[in-house]
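Engineer: Here the protein sequences line up with chains L and G, keeping their order. Letter 359 of the first sequence, counting from 1, is numbered 388 in the working numbering, and no numbers are missing. Letter 37 of the second sequence, counting from 1, is numbered 201 in the working numbering, and no numbers are missing.
Incorrect hints may appear among the rest.
[Stated by the list, open to error] Quick list of in silico lysine-lysine cross-link-like pairs, BS3-like style, CA-CA up to 25 Å:
1) G:Lys316 to L:Lys318
2) G:Lys266 to L:Lys318
3) G:Lys189 to G:Lys284
4) L:Lys223 to L:Lys195
5) L:Lys225 to L:Lys212
6) G:Lys325 to L:Lys318
7) L:Lys407 to G:Lys313
8) L:Lys407 to G:Lys189
9) L:Lys225 to L:Lys188
10) L:Lys337 to G:Lys243
11) L:Lys254 to L:Lys217
12) G:Lys266 to G:Lys284
13) G:Lys324 to G:Lys313
14) G:Lys287 to G:Lys230
15) L:Lys217 to L:Lys103
16) G:Lys266 to G:Lys254
17) G:Lys189 to G:Lys243
18) G:Lys189 to G:Lys211
Calculated from the structure, these hints are not laboratory results. Just so we're clear, the structure is a prediction, and the values are computed from it rather than from any experiment.
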Amino acid sequence: MNMAAMISPLVKSVPPSGIRKYFDLINEMENVISLGVGEPDFVTPWNIRESGIYSLEKGHTHYTPNSGYFELRKEISNYIHRRFGIEYSPENEILVTVGGSEAIDLALRAIAGRGDEVIIPEPSFVAYKPCAIFTGATPVIIELRAEDQFRLTPGLLEKFITPNTKALVLPYPNNPTGAIMKKEDLLKIAEILKNKDIIVISDEIYAELTYDGEHVSIASLPGMKEKTVLINGFSKAFAMTGWRLGYACGHPELIGAMFKIHQYAIMCSPTMAQRAAIEALQNGDNEVKAMVREYNRRRRVMVDGFRKAGYDCFEPLGAFYVFPDIRNSGMNSEDFCEKLLFEERVLVVPGTAFGQCGEGFVRATYANSMENIIEAVKRIQRFAAKYNRTGF
Amino acid sequence: MDTKNGDFNDDFTQEILEILENNSKYTEEQIAIMLNRSVDEVRAAIKTLEENNIIAGYKAVINWEKMPREAVTALIEVKVTPQRGRGFDKVAERIYRYPEVKACYLMSGGFDLTVIVECKTLKEVAFFVAEKLAPIESVVSTSTHFVLKIYKENGTVFEKKEEDSREAVVL
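Model the full assembly from the supplied sequences, consistent with the hints where possible.
Structural biologist: If you want it as C-alpha cells, here you go:
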C-alpha cells in the first residue's frame with residue numbers, strides 16, 4: 030500500500046513545522062539560553078498544584094461532564110465578568126477544552142468548511158492556518174505591519190472581507206509580536222463587522238499579560254458578544270501549560286456546536302486539571318499579579334537590550350515576546366537565528382515561523398529568568414557589534 | 165520617626181524593594197531599565213530607603229550546611245514578665261543584643277519571645293541559656309528546641325535548583 034496516497038490531501042497540504050531542526054541543533058550544544066520557548070518559565074503556583082494533588086488523593090480520576098465541571102464553568106463565568114466585564118452563562122455559554130488550542134480547532138470546525146474563507150492576521154500563532162485548512166476552508170492571510178505596531182487596522186481588514194468570509198481570527202495580545210489591540214482599535218474593527226455575518230474568533234490566551242492598562246475583549250463592545258467566540262485558558266496566565274486546560278465562551282448555538290465535536294472527539298478535559306483550575310480562579314489573582322510585574326521588568330530589559338544592539342523594536346505591550354526587526358544585521362531571519370545560535374548560543378525564533386511577513390524579524394521570549402535575559406542580551410549585543418551594518 | 169504610612173507606598177518604591185529583596189546584586193542601572201526610570205531616580209530612591217532604615221542591609225543567603233563549619237541553631241521559647249512602662253521591649257533588647265542571637269520575635273500565644281541562637285556547639289547553646297538568658301530577671305522560663313535541618317530560609321529553598329525542563333522551542 031502506498032501510505033502517502035492514503036493520507037488526506039487536506040492534511041498533506043500543510044507543510045511540517047520548520048522548527049524541528051532547532052531541536053536537533055540545540056540538543057548537541059551546551060550553555061544555550063533559549064529565548065524560543067512559548068510558555069512561562071514559572072512553575073504553576075503551589076496552591077494550584079496542591080489542589081491537583083489533593084484531587085488525585087481524593088480519587089477524582091473519572092470523567093467530568095463533557096463541558097467541564099459546573100463549578101469550574103461558574104468560576105470561569107465569574108472570572109470573565111470580573112476581569113473583562115462580559116457575562117456568560119455557565120449553563121450553555123462556556124465550554125472547557127483541552128487548552129486554548131482545542132477551542133481554536135473546535136471554533137473553526139464548528140463555523141467553517143469548504144467554500145468558506147477564514148481571515149487570519151499574521152504574524153500569529155502557528156495553529157490558526159492549519160486548523161482552518163483542516164476544515165476545508167480557505168485561510169485568507171492579512172499581513173500585519175510593523176508601522177501599525179502589528180495591530181489589525183480597519184483598512185487592512187476591509188480589503189480582505191468577501192461574501193465568503195465566515196470568520197476572523199483576532200489574536201491579541203499577540204504571539205509572536207507582543208502587540209495588543211486597545212479599545213479604540215477594537216471599536217474600529219467592530220464598526221466594520223457591524224452588519225456582516227462574520228464570527229470573530231478572539232484568542233485571548235495572553236489577556237492577563239498586558240503592560241499598559243487592562244486587556245479589553247472585543248466581546249465586551251456593543252453588539253459584539255453575540256458574534257464573538259472568546260477563547261482563553263489557564264496556560265499563560267496561571268503558568269499551567271502542561272495541564273492542558275482552556276475554554277471557549279460564546280453564543281449558546283455556537284458553543285453547542287463546538288460541544289458536539291468536543292463530546293465525540295475529546296469527551297472531557299482532564300479531571301485533575303479542572304480541579305486545580307478552580308483553585309486558580311478562586312485564589313490565583315495575587316500570584317498572577319506578581320508574575321505580570323516580573324514579566325514587565327524583564328520585558329523592559331529585553332526591549333532595551335535589542336534597541337541598544339541596534340535593532341528596531343516596537344514596544345510590545347502584551348504576552349511575553351519581543352519581535353525586533355533584525356534587518357540591520359544584513360541577514361534574513363533564518364540566517365540570523367542560526368548564526369546567533371552557533372556563535373553566541375542564544376536561541377530565538379525566525380519571524381517567518383509565524384507567517385511570511387515575519388521575514389526580517391525574530392521572536393524572543395522574556396519568559397526566562399532575569400539572569401538569563403541579562404546574559405542573553407549581552408551576547409546579542411556582542412553579536413550585533415560584529416555584524417550590524419549601521420551604528421551600534 | 166514613623167515612616168510606615170504613605171511616604172513609601174508608591175509602586176515605584178514597592179517594586180524597588182521587591183527586586184532587591186529577591187536579588188540585591190542588581191545595579192542601579194539595571195533596576196532603572198527594569199522600571200523604566202532614570203538611574204538618578206533609582207539611586208535617590210534607594211538612598212532614601214537606606215537612610216530610613218527600610219533597607220536595613222544587604223546580605224547573602226548562605227547554606228552553611230554545605231560548608232565544613234559546625235554550627236548549632238536553637239529556637240528558644242521564652243516566657244517573660246513585662247516591665248512596668250516598658251512592656252517587653254527592654255527585656256527583648258537585653259536578649260537580642262547578644263551576637264549569638266540571630267533573630268528575636270515578640271509572639272502571641274503560649275509564650276512571649278522566640279529567640280533564635282546560633283552557636284558552635286550544643287554546649288555553647290546550653291551555656292547561653294543557662295548563664296545568660298535564664299538569669300535575666302524578668303525571664304520566667306525557657307524551652308529550647310534544636311534545629312536539625314534547614315529546608316527553607318528567608319524565602320530561599322535549600323535544595324538543588326530545579327532545572328528548566330521546558331522544550332527548547334515552543335511556538
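Engineer: For each hint, tell me whether it holds in the structure or not.
Structural biologist: Tested hints:
| no. | hint | in the structure |
| --- | --- | --- |
| 1 | G:Lys316 to L:Lys318 | holds, 24 Å |
| 2 | G:Lys266 to L:Lys318 | violated, 33 Å |
| 3 | G:Lys189 to G:Lys284 | violated, 30 Å |
| 4 | L:Lys223 to L:Lys195 | holds, 14 Å |
| 5 | L:Lys225 to L:Lys212 | holds, 20 Å |
| 6 | G:Lys325 to L:Lys318 | holds, 24 Å |
| 7 | L:Lys407 to G:Lys313 | violated, 39 Å |
| 8 | L:Lys407 to G:Lys189 | holds, 17 Å |
| 9 | L:Lys225 to L:Lys188 | holds, 14 Å |
| 10 | L:Lys337 to G:Lys243 | violated, 60 Å |
| 11 | L:Lys254 to L:Lys217 | holds, 15 Å |
| 12 | G:Lys266 to G:Lys284 | holds, 13 Å |
| 13 | G:Lys324 to G:Lys313 | holds, 15 Å |
| 14 | G:Lys287 to G:Lys230 | holds, 22 Å |
| 15 | L:Lys217 to L:Lys103 | violated, 32 Å |
| 16 | G:Lys266 to G:Lys254 | holds, 18 Å |
| 17 | G:Lys189 to G:Lys243 | violated, 39 Å |
| 18 | G:Lys189 to G:Lys211 | holds, 15 Å |
Consistency note: the structure conflicts with the earlier hints numbered 2, 3, 7, 10, 15, 17.
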